[in-house]
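Student: The primary structure of each chain is shown beneath.
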Amino acid sequence: MLLRRLSDWPASRWASPFEELERMQGQMDRLTGGLSRGFFGEPAAGVFPLMNVTEDNDNFYVRAELPGLKPDELNISVTGDTLSLSGERKIPAEDEKAQYHRREREAGKFSRIVTLPSQVDTGKVEARCKDGILTITLPKAETAKPKQITIKAS
Amino acid sequence: MADTESKALKAKEKAEVTTPAEQTRPGVVFTPAVDIFETDKEITLLADMPGVKADSLNLDLHENVLSLDGDVQSPEGGDERDVFREYRTGKYYRQFTLSQMIDQSKIEAAMKDGVLRLRLPKVEAATPRKIAVKAS
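For the record, the sequence lines run as chains A and B. Just so we're aligned, residue 0 is where the first sequence starts under numbering that gives the first Met the number 0, counting upward by one. Just so we're aligned, residue 0 is where the second sequence starts under numbering that gives the first Met the number 0, counting upward by one.
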């Protein structure tokens with residue numbers, strides 16, 4: 000009986016029961032404080048940069064925190080449903096006589112590939128860097144967009 | 000610096016502030032990563048605060064304690080749903096005790112692409128003077 004129940008589970012939308020909870024938590028956060036709080040902890044990808052991916056009916060939004068990066072230090076490319084982002088964060092050398100007390104900011108190369116849940120319209124992808132946050136807007140391909148179906152009166 | 004250029008960046012989770020006093024506002028508070036270096040004339044502080052705009056940043060120097068306080072607005076639109084979330088957003092807060100006398104009137108701060116650059120010039124009396132030793 001249990002097996003039967005499990006196979007009925009709508010796997011596409013409910014990959015894990017927590018996913019729905021996390022999604023609700025995210026929406027609650029945006030309504031109350033506007034900022035996320037993390038409910039079950041974020042899945043650590045372990046690849047720089049960490050990304051937040053959201054969607055609405057028309058677009059996917061990929062965001063990453065990249066303070067100090069200039070647009071020409073970033074490479075973004077999209078094919079089908081795959082987004083690849085690479086670049087190098089440079090921290091320019093300061094005065095030779097400078098003595099460091101703390102050095103916590105890190106420089107280096109990075110490269111990351113993410114697969115989006117559906118195909119995107121690669122021709123209309125836009126990327127914007129503002130206040131150190133990169134936002135990539137990826138319009139969903141026409142075939143992947145939800146369609147409103149009107150019921151005809153018989 | 001040659002070796003740092005080829006180094007690959009590792010993903011790091013943002014460090015959350017742990018203070019005994021609770022925040023009055025809900026939400027998480029993070030510690031920004033900083034570089035602090037000193038020359039004869041000034042102390043420079045660089046802090047990574049992505050998402051903080053120049054007008055939502057509060058800097059305060061009071062009795063040798065420097066406080067950085069940056070507010071972050073949620074970048075997401077109201078009808079966006081999460082696909083996945085790897086980092087959290089929240090405000091930034093950090094305090095430093097400065098050992099040297101800082102000339103408060105000459106402090107300069109600039110916010111660019113989410114990086115704060117703060118110049119803290121030392122007062123004249125605190126800048127070291129070279130003392131020439133005369134041969135007798």
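Rather than coming from a laboratory, the hints here were simulated on the basis of the structure. Every residue gets a Cβ at the ideal spot worked out from N, C-alpha and C, and that includes glycine. One or more of the hints may lead you astray.
Okay, derived cross-link-like pairs now, BS3-like style, lysine-lysine, Cα gap no bigger than 27 angstroms in a straight line [unchecked claim]:
hint: 1; chain 1: B; residue 1: K11; chain 2: A; residue 2: K96
hint: 2; chain 1: A; residue 1: K108; chain 2: B; residue 2: K11
hint: 3; chain 1: A; residue 1: K89; chain 2: B; residue 2: K11
hint: 4; chain 1: B; residue 1: K40; chain 2: A; residue 2: K108
hint: 5; chain 1: B; residue 1: K9; chain 2: A; residue 2: K108
Counterexamples of contact, computed for chain A against chain B with all Cβ distances above 12 angstroms [unchecked claim]:
hint: 6; residue: S76
hint: 7; residue: Q147
hint: 8; residue: A152
hint: 9; residue: S153
Covered, in the sense of this in silico footprint (three residues per stretch, anywhere, with C-beta under 8 angstroms from a C-beta of chain A), are these stretches of chain B [claimed, not checked]:
hint: 10; region: 48 to 55
hint: 11; region: 61 to 70
hint: 12; region: 77 to 86
Student: Against each hint, give a clear statement of whether it holds in the structure.
Tutor: Going down the list of hints, with the structure as the test:
no. : hint           : in the structure
1   : B:K11 x A:K96  : 30 angstroms, violated
2   : A:K108 x B:K11 : 14 angstroms, holds
3   : A:K89 x B:K11  : 17 angstroms, holds
4   : B:K40 x A:K108 : 33 angstroms, violated
5   : B:K9 x A:K108  : 9 angstroms, holds
6   : S76            : 19 angstroms, holds
7   : Q147           : 16 angstroms, holds
8   : A152           : 30 angstroms, holds
9   : S153           : 34 angstroms, holds
10  : 48 to 55       : holds (count 5)
11  : 61 to 70       : violated (count 0)
12  : 77 to 86       : holds (count 10)
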